[in-house]
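Same order as they appear, the protein sequences are chains A and B. Oh and the first sequence: position 129 is 127 in this note's numbering, straight run, nothing missing. Oh and the second sequence: position 18 is 48 in this note's numbering, straight run, nothing missing.
Part of the chain A face toward chain B, derived, beta carbon under 7 Å:
#1 SER101
#2 ALA253
#3 PRO531
Chain A stretches covered by chain B per the calculated footprint, using a threshold of three residues with CB under 8 Å from any CB of chain B:
#4 139 to 148
#5 287 to 298
#6 417 to 427
Bear in mind the hints are in silico, worked out from the structure with no lab data behind them. Ideal placement from N, C-alpha and C gives every residue a C-beta, glycine not left out.
Read off the chains here:
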Amino acid sequence: MTRSPDQSKRSFRIFTRLLLTDDPTLSCVSTTHTHSTAHDSGESTCIALVGNPNIGKTTLFNLLTGMRQRVGNYPGVTVSKKVGTLQLSEDTADLIDLPGTYSLAATSLDERIVVDVLSGHVPGLKQPDLVVCLADATNLTRTLFLPAQVAELGLPMMVVLNQWDLAQKQGLSIDLELLENRLGVPVVPCVATKKQSSDDVARAIERALGSPSTLTPITWPATVKEAAEGLRQSMPAALSQSLHEAEIHRILFDANSALTERLDWAEESRRAAVQEARDKIQQSGYNPMAAEALLQYDHINRLTEDVVNRTGEIPQGQSESIDRLLVHRGWGLAIFAAIMYVVFLSVYTWAGPMMDGIEWGKGMLQDWISPLLSGTPMLQSLVVDAAIEGVGAFLVFLPQILILFFFISLLEDTGYMARAAFLMDKMFSWCGLNGKSFVPLLSSYACAVPGIMATRTIEDPKARLATILVAPLMSCSARLPVYVLLIGAFIEPRHGPFVASLTLFGMHFVGLAVALPLVLLFNKFLLKTRPQPFVLEMPRYHVPRLGDVLWRMWESGVEFVKRAGTIIFAITIIIWALLYFPRPAAVEEAVRQTVAAEQARPLDEILTDEEAAEALEKRVASAYLEQSWMGRMGRGVQPLFAHAGFDWRITVGVLASFPAREVIISTLGVIYSLGGEVDEESHSLQDALTNSHWRDGPFIGQPVFTIPVVLGIMLFFALCSQCGATLAIIKKEASLGWAVFSFTYMTLLAWGAAVLCFQIGSMLS
Amino acid sequence: MSSTNLSDLPLGHTARVKAFHHTDATDQRLMVMGLIPGVDVRKVRVAPLGDPIAVEFDGRCVSLRRKEATGVLLESA
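Go ahead and model the full structure; you've got the sequences and the hints to work with.
Pasting the structure below:
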């Protein structure tokens, strides 16, 4: 492969390091172009942190790097990349926190990233100078599996034994010296929740960088070596040169390897070659699909023989007795319901005061700025109604996001999340989701934005995407004002409180009722991601570290503002412009003349009468809205909504509520010349809707808001995707394509439901 | 001799893993976690709705679905 001089220099550095350790696989190590971070000139040291899930990796990472963390994405994929700066005595180094994984057998993109980074196959990221492997002192053999696999890459390594204190409490004594000798790399005991421990780890990292050593890799039986060599021979030449031995083993051994997605190798020929290699292993008496695990464990058992000594009995685990209660058939479900109730209630209601605070601050700022710009009405509107409104539009989500991530962090760090998924899995498994979808879907009943962010807790990418796609169907709190307005105006007065509350309940249920069957359809026809094993470790319960919880909240908040904030802001500005322009002065003049004629008094007199002047202003606003681009668009697409019995006013309301559903209330307020200050309990707005009649068309003279239309509007808002923030977060968490897809399918679904409701309702009455 | 599998193992009972039926990706994941032939496995819990189940081996507690547990073949006691 061709390398720039720059790259070669760095490769040479790694080369010399590896040479010192006499690494046989060196010739295969490919070093891709090195990405230089902001603070260095390309010479920065890169350290990768790997380990099983639930092993305390994030805690150690947080303690090692403190607040010096950057979150980004790996190029071209949505896996988030966490890099922190590790302070060494004279220098700094980049510490990469790789996704938690049990092995290099990557079935998902997250797991593949670990292989990609370690083998130097991520564009713009150099191969790590040191791999820090986290293992669990209380379960040494099982957690050494991953380090043993990593060892095959021939990179300098060290092993950190976490839970050292717990191991001692359990009466385990580990002969560190013997273990170091056997492994050939430094082994550092650690209690990841203690700062002292992380300092020890940092010093050990520094020593390991100074005198790198590699972990003794497994010696494969001849038959495996031959099979791997055969596989290398049959692959395209370019690929054969770029792949490391360890990567070839992944292709050879793994049943469902995500690694194959980045290989430039035709599927048919690859399958045939892999099959041939596996047959070779089979012929010599090994099951090729089980060989790696059996041989690796055999190897690890030899490495750890006599290293761990247990004094006394294996103590009955605390987790076991907690589980007896928390995962109990009866009690377990009751406690689960109680915990979820608290989570939901806090996101739904506790965020309220903070959101009100943000609204209040926004209002204060608008009231303060507005008079300063009264000389230039367009600038005034741009700053007050667009810019400040736009900032408020995304800030208002922060309280819910922070509160939800506080709880998610607690649930995950304590180990309860896995139990919750265990309890709920059966309810979701039939349609292709899993138990981990519960919390994101529940949170979406408060707001889909934090709900969709919460899908990060779902490891299975397919289930995660399916959850993201249906989460916005859960009836969030922004739909409530629409229901309250319409039920209050039309259902309750005519049919009484019982039918009214039944309707409200039904509207909250309709989204969920269509969501799960939709997932089934998506999984069948749309989502082609490889299926994931739903094998979930139930980690030991432990007390979460407050620092980790706060950091997680901070991180999710910052990421939301940085990545989704700009999009939400932009949407607010665009919608403002569509509602404001073209604004010809003639419109205002015409309204003034009409009003003067109606009231049969001169305009000056009306303008001095405070009440009349205000009413005039509201009519002008209404006329401007009708004349605006948005008003014209509303009239343009109204024929489509006529099938649902919507008039142009409702249609404009629907379009204008694209940034957020509840905006339809204030838009209707403006359209009916009541001003934008109305709310869902406003009697004037309810009266205006009740008295609204068709002015033209086939229903001329009849009321617009009949029961089928009212139900249709509510159904439309229950199912539609009128929420810019949700689409922004889908774009961020999945992709632009999926955001467009969500918008399209939900709008079609909502429109179809409204039309069906109106048509059937009209037939019946 | 009737063959038993992990799904059919009575709650609270322990048995030794004999083999895997297919050795697919799920089985490979279980093996990587330490559930290899020769290891003793105990069924510790069944979810309230009957599925999934939780098993324990080598001090690790892991939940898996019944459909997948049927592929884990056990030695008869």
